[in-house]
Amino acid sequence: MRRERDVSPVNRRRGGDGAQADQARGFDAESAFPLRRVMRDDGSADPADVKLSDPELVALYELMVLNRMLDERMIAMQRQGRIGFYIGSIGEEATILGSARAMEPQDWLFPSYREHGAVLMRGMPLETFVCNLLGNAGDAVLGHQMPCHEAWRPANFASVSSPIATQIPHAVGAAWAARIKGDDMVSLAWFGEGATSAADFHAGLNFAGVHKVPVVFLCRNNGWAISVPRDVQTGSETIAQKAIAYGIAGERVDGNDLLAVLDATRRARARAAAGEGPTLVECVTYRLEGHSTSDDPRAYRPAEVVEPWRRKDPIARMRAFLEKRGLLRDADDTRIRDAAKHRILDAIHAAEREPPKPEIGTMFEGVYAEPLWQQREQLARLRDELGQPELPDDDEDTDTALP
Amino acid sequence: MRRERDVSPVNRRRGGDGAQADQARGFDAESAFPLRRVMRDDGSADPADVKLSDPELVALYELMVLNRMLDERMIAMQRQGRIGFYIGSIGEEATILGSARAMEPQDWLFPSYREHGAVLMRGMPLETFVCNLLGNAGDAVLGHQMPCHEAWRPANFASVSSPIATQIPHAVGAAWAARIKGDDMVSLAWFGEGATSAADFHAGLNFAGVHKVPVVFLCRNNGWAISVPRDVQTGSETIAQKAIAYGIAGERVDGNDLLAVLDATRRARARAAAGEGPTLVECVTYRLEGHSTSDDPRAYRPAEVVEPWRRKDPIARMRAFLEKRGLLRDADDTRIRDAAKHRILDAIHAAEREPPKPEIGTMFEGVYAEPLWQQREQLARLRDELGQPELPDDDEDTDTALP
Amino acid sequence: MPPLPRPARVMNIIQAVNDALRVEMRRDRDVVVLGEDVGKFGGVFRATQGLQEEFGANRVIDTPLSENGIVGTAVGMALYGLKPVPEIQFADFIFPAMDQIVNEVAKYRYRSGGQYACGMVIRAPYGGGIRGGHYHSQSPEAYFVHTAGLKVVVPATPEDAKGLLASAIRDPDPVLFFEPKRVYRAAKGDVPEGEYAIPIGKAKVTRAGHQVTLIAWGAMWHEADRAAREAEKEALDVEVLDLRSLQPLDLDAIVTSVNKTGRAVIVHEAPRTCGFGAELTALIQERCFLSLEAPIARVTGFDTPFPYTLENEYLPRAPRILKALREVTRY
Amino acid sequence: MPPLPRPARVMNIIQAVNDALRVEMRRDRDVVVLGEDVGKFGGVFRATQGLQEEFGANRVIDTPLSENGIVGTAVGMALYGLKPVPEIQFADFIFPAMDQIVNEVAKYRYRSGGQYACGMVIRAPYGGGIRGGHYHSQSPEAYFVHTAGLKVVVPATPEDAKGLLASAIRDPDPVLFFEPKRVYRAAKGDVPEGEYAIPIGKAKVTRAGHQVTLIAWGAMWHEADRAAREAEKEALDVEVLDLRSLQPLDLDAIVTSVNKTGRAVIVHEAPRTCGFGAELTALIQERCFLSLEAPIARVTGFDTPFPYTLENEYLPRAPRILKALREVTRY
Ligand SMILES: Cc1ncc(C[n+]2csc(CCOP(=O)(O)OP(=O)(O)O)c2C)c(N)n1
Ligand SMILES: Cc1ncc(C[n+]2csc(CCOP(=O)(O)OP(=O)(O)O)c2C)c(N)n1
Ligand SMILES: [Mg+2]
Ligand SMILES: [Mg+2]
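The listed protein sequences correspond, in order, to chains A, B, C and D. Quick note: the first sequence, position 10, residue 9 per numbering that gives the first Met the number 0, numbers continuous. Quick note: the second sequence, position 47, residue 46 per numbering that gives the first Met the number 0, numbers continuous. Quick note: the third sequence, position 180, residue 179 per numbering that gives the first Met the number 0, numbers continuous. Quick note: the fourth sequence, position 171, residue 170 per numbering that gives the first Met the number 0, numbers continuous.
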């Protein structure tokens, strides 16, 4: 396990001064939370550090490729107007898949909104995922939510919510509940570095710290919260050091190194399961594209600052690693990409065969376990109204796209 | 400036384990944030550490005595039913008065609800304060708030609010505004260690950390949040170390040592004024009495745990210090206590001469700068109604006291 | 009312709440209580007294001071299959948890297409009358009635406090349970022992009358009842409804009564504008338009924060209610 | 309407908001803007575009991701004498700031006995119609109208957006300023250049009629207007009111109109139960009881979270309004 200095521009030290020295004598972020890596930039790694079998390694690479190609395809589909919105994880695949891979089947996962690769890894059918993007009759959440706001109960994958950081105390509560019930379950919450500013981050980590709740807090530090860079988000040099505020364990890893992320998350899971409490794992990665399809990062982020990170692409690194181990040749890679492409196209075709809108009654489903008289009355009246000739659709009135 | 290990039971280490060692290599709370003191338990101090003149020292002692006697008297008055509620600072006088004394006249102070000594120090007439306790016609806040929820604009003393920690971002905003306007002003926010769990603590420190806002965060760690002990409030060993999460300065001082508190707050103010950003100052002190007059701590706190802290009384320490320096003799102390007693009694008598209720129209004042039609209509109707014979008062229906 | 079918004991509302919690926790191991000071101390109003002794610190949890943390944690517990009963120490302090309540608790079932349920009971003492000023007296029920996905229950008596709280705990939906702290100890009455549940969503006609319908809930029901008794002396015959649950709302009971009396007066402590009285007024005029013989009157808290000294003047007490009853019947 | 007295330019609502901010920031050095992404980026809807260039990062501040921090900091700024204009990126995300807004902003002047003032303008795009699902479509105005101490303003047109925002910034009280993002770009119109303010608290009769009063605000005013135009084809003569400000409320304008027409239909996007339509209904039946010839009708969002796919079915669009107009006039 190598430790290297983090030289990412967004994580740079925000100016030294006397007060800082006075502040935390003996505390130095770099030595307290060194950036852990397993794979070097060229993909080489110490064999002792590799703890997965060859087929497992290849399978993870296949998932990374699927994840990337899915994002690219869906961004294109959004441009074509076939889906309304998309938010993906280009550049963050190692962080998301590496951490997901470290968890056990009985564990509960609390996503932010970029962890689609993780839910697919845990068995959500790709077609069902695409139905969610379309919000059509096949959508497991009944067209109630925006695209990329999936939920998948069979995999203990919680429901994506737009409000930032709300899932963090949920992860704490679920893990706490499991402990109360005597279940061997650790929960994991994903969130961005922007989320660390939110109230629910603070509450979640603090509650978990006091009660040593078995939970893993996994921060995807991708450098940006929409247009806000990491150093405008918080004055701390690292995200990992925020663990100190809660008396919990913290780790900082290269988030573009799938094996390092996997290791750190496994360690965190082990700590949690052993009753040693939660860990805050900071994965240092980068959001290579816009925040979502509604965003145009050129308005706030010059292309140059992204360039160095493009060269650290986690998929390229994983590929080099596999090549070095003799697990992947060019032909294999082509085959993997072809297979992913076909899986994606098949899923799109299957999904697009579903009726484009869920039945009108679904709009009132799930507000309560049983509809109250308000929902029943309102649905009855709506059905009646829709029986009437409608005025022409006035969608042309509105041209505001979602940011 | 001596550094001693904190042996307070509430701040004890919550069990060591492997994960903790792994967590923050090189970080050790005791060495990073040693408990700073100026006065030894017996009141002796290194003369070089004493930075106030003799009259200033005596004046501070007089204020401590006044503060304590005021609290005692008001608790008694509440028991007699002459005021509805009281919340004081017995045991925390050094923390409150030492920090208040470190600030400049132009500075803004954002209290929690125990800092009555500070507003009196800054010139609020004692009689006006007692009017607030009575909620009578002389109350500067028009009987709108509970007792001990004073506000005093002439001293830049903000309005006390019950919701915990809300004043912390206010202090940040005021200091930020001053910087924008080019004013030499540093603001200070007081809060308890319980408040550090709240959303507004997190937001306030984080905003201030990013923008190096000139503010002092002064935590009165008095060991308890009503019935919740310090170690159920947060998993961190100290409050000071929470500064690390925000990349700001932190200090930990003996909160029963007025001179240490004064020094630390002065250093923090100097840092802030010099553009070096905020400081989190943890004052380790103790709530010797119930949370408020509504509380009975015997239900959750055995007397024994309080005992050691009674022996650390900050007023006794200050008295011993003054005696050792030859600034105080028994006769002086008697005189000081007599003077305080008379000031208090005079204030009570003066305050009790005010009409017991503010005029009915005041109930609608200050909701908006000018009343809207709702307030005008409602007041008119109420005046009309009150002209009618009232039913007998039904206060006997309700016997729930405020906790 | 027919005699209670089982042994009963005189309790006040706090005791009834405590009893409901205890009985439901015995009945269902998944019920857990969490909040500030609820454990060892038993709550600042002592509503959870003795529960930690009986059920352990695992099921009766003292939390740090963070309402968003309390409710957010309860969400996770609910998702995983527990039935959390978080306490908010005063309803006034519910607002730091507003995002968790409005955006998470209320929408979790809906937004997951029914894959997850988020049942919990958020208990909070509410309302004025204990000289608590505007941070220990608020009546925030309307915020939650306006939020689809939540139920809102407000008992007025010890029996209802026990029976409705038990039902709330067994309910699959999230319930806001507001306890009228003004009468926490003052309201006493027979409460059945052991398991006892009263269905949520049924109003109670606590006094039959034919001239005017008087609608109230929680602490204000006591004022309404008092006003109705005073009115009787003036030969004014008032029908009193205790709503008990605001969402689900027993609209049938209201419509039946107003169609009979042709007049309605609504009482609540919360500020008038956009209070729940507005919704009731709107519904009544929609459903009883042709029966109405006078405008529906609201007797409410004023459009100001809740004052400290003048709280008796602020509260819509019996004299103000009586005045409205007279006006409405003489219209 | 008489011709505008000064040079005007065609703008959409975003441009009008931007222009108001720019003009007011030039006029008063104490005006500062803060929020997520408002600085360098100019806001996710670009409403603050170019402001940081002109006024510097000191007055146009990118904040960390924390709504309670944004509003809480703004409180401190306001107390000290600035006039902060915090932006909440979407009204749906206002709830983490609910405690600061309800317990601090709304009560600060009152609770300090008038010693301190806490004027600020909290801007937030609100409402549905951009395929945003329930976290990018909410219309939370009723929560704030129910909170004494706050003003609530909702423009429907570019001219009003500019004029009302300017007034809000100059207002001594805290104002919630909800911008109808559905018509952010679609609503275009002449907007006076330079300093321009429209008094807060005056409704606008945008169409005179004598059969029924149709009341709306924000994006729904456009639907109301459309429905009224359709109604004309059926010889149904509708008077349309754009409220523009919900608090203060121009009750006189409403009462005058309803006393004339005898009928009222109210439109809003927010869920029906306890929405602002309830308050309007209550007020109208209180003040116009003897003039009313039909129950007041509400055409509103449903009592559900705002759905994604079926948002056109959810929104109270012109056809639903038209149906209500017919029913109310035929009653
Ligand atoms: C409470 C809340 N405030 C604001 C937003 C708008 N918003 C959506 S994503 C985002 C940035 C999140 O940044 P980060 O947490 O770093 O996650 P990332 O998108 O980088 O993965 C913001 C401000 C929101 N969704 N919720
Ligand atoms: C938001 C909020 N939640 C709960 C309360 C009830 N409450 C009042 S004081 C207090 C404990 C505060 O403890 P701490 O911050 O340590 O301050 P101390 O009283 O010890 O000075 C609590 C829970 C409150 N006032 N505000
Ligand atoms: Mg990010
Ligand atoms: Mg404390």
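Worth flagging that the hints you see were computed from the coordinates, not collected in a lab. One or more of the hints may lead you astray.
Claimed, not checked - Only pairs whose alpha carbons sit at most 30 Å apart, straight line, appear in this in silico DSSO-like list of lysine-lysine:
1) D/259 / D/39
2) D/39 / A/311
3) B/340 / B/323
4) C/203 / C/232
5) C/322 / C/232
6) D/232 / D/203
7) D/232 / D/259
8) C/39 / C/203
9) B/356 / C/322
10) D/322 / A/356
11) B/311 / C/203
12) B/323 / B/311
13) D/187 / D/39
14) C/203 / C/259
15) B/180 / D/39
16) C/39 / C/232
17) A/180 / C/39
18) C/259 / C/232
On a predicted model such as this, the values are computed, not experimentally measured, just so you know.
Do the hints match the structure? See the list:
no. : hint          : verdict
1   : D/259 / D/39  : violated (51 Å)
2   : D/39 / A/311  : holds (27 Å)
3   : B/340 / B/323 : holds (25 Å)
4   : C/203 / C/232 : holds (23 Å)
5   : C/322 / C/232 : holds (14 Å)
6   : D/232 / D/203 : holds (23 Å)
7   : D/232 / D/259 : holds (22 Å)
8   : C/39 / C/203  : violated (36 Å)
9   : B/356 / C/322 : holds (24 Å)
10  : D/322 / A/356 : holds (24 Å)
11  : B/311 / C/203 : violated (59 Å)
12  : B/323 / B/311 : holds (17 Å)
13  : D/187 / D/39  : holds (26 Å)
14  : C/203 / C/259 : holds (16 Å)
15  : B/180 / D/39  : holds (22 Å)
16  : C/39 / C/232  : violated (49 Å)
17  : A/180 / C/39  : holds (22 Å)
18  : C/259 / C/232 : holds (22 Å)
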